[in-house]
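Its first residue numbered 47, the sequence shown is counted upward by one per residue in the working numbering.
It cannot be assumed that every hint is accurate.
[To be verified] Pairwise CB distance ranges (calculated):
1. Gly141 to Arg118: 21 to 29 Å
2. Thr163 to Ala59: 17 to 25 Å
3. Arg111 to Pro134: 27 to 35 Å
By construction, these hints were calculated from the structure, which means they are not laboratory data. These figures come from a predicted structure and were not determined experimentally. C-beta atoms are modelled at their ideal positions from N, C-alpha and C, and glycine is treated no differently.
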Amino acid sequence: MMEPAHRDLAGGAWWGLSLPAQLGNIGSEISRAERWKTRKPEISLGAFHRALELFDLTLADPRLRRSRPRLREVARAREVVVDYFAGPNQYGSDGASLLRYFDAFGLLARRRREQGTS
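Please model the entire structure based on the sequences and the hints provided.
Structure below.
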């Protein structure tokens with residue numbers, strides 16, 4: 047088993063973040079993976095693996111497990127990302143659509159943080 051790339055987050059800090067903040071952070075890794083996909087595949091692969099680790103931490107979040115629709119959406123997002131980066135891309139995804147999806151969560155998390163809400 048690989049050593050977690052996000053040790054502090056794997057220790058429970060991740061679950062202190064809101065779902066939009068979690069998905070926004072996952073989106074940052076996906077953005078890195080997409081940016082380096084053709085120029086430096088090894089950097090892209092590392093970012094992809096970190097995104098999967100964050101997905102898995104999110105899916106293990108006890109708060110998320112109480113909401114089947116949210117759990118299902120995060121699991122499907124993980125499936126689409128894996129299909130795009132490591133599979134046959136049967137969903138026909140592209141980097142731009144993935145970035146739009148995850149950027150929306152990052153923007154929501156920032157707006158909530160600026161307003162002082164979670």
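Now for the hints, and whether the structure bears them out:
Taken as a hint, the range 21 to 29 Å holds for the pair Gly141 and Arg118, whose Cβ atoms sit roughly 24 Å apart. Our hint of 17 to 25 Å for Thr163 and Ala59 holds, since their Cβ atoms are close to 20 Å apart. Here the CB-CB span from Arg111 to Pro134 is close to 30 Å, well matched to the stated 27 to 35 Å.
The structure agrees with every numbered hint stated previously.
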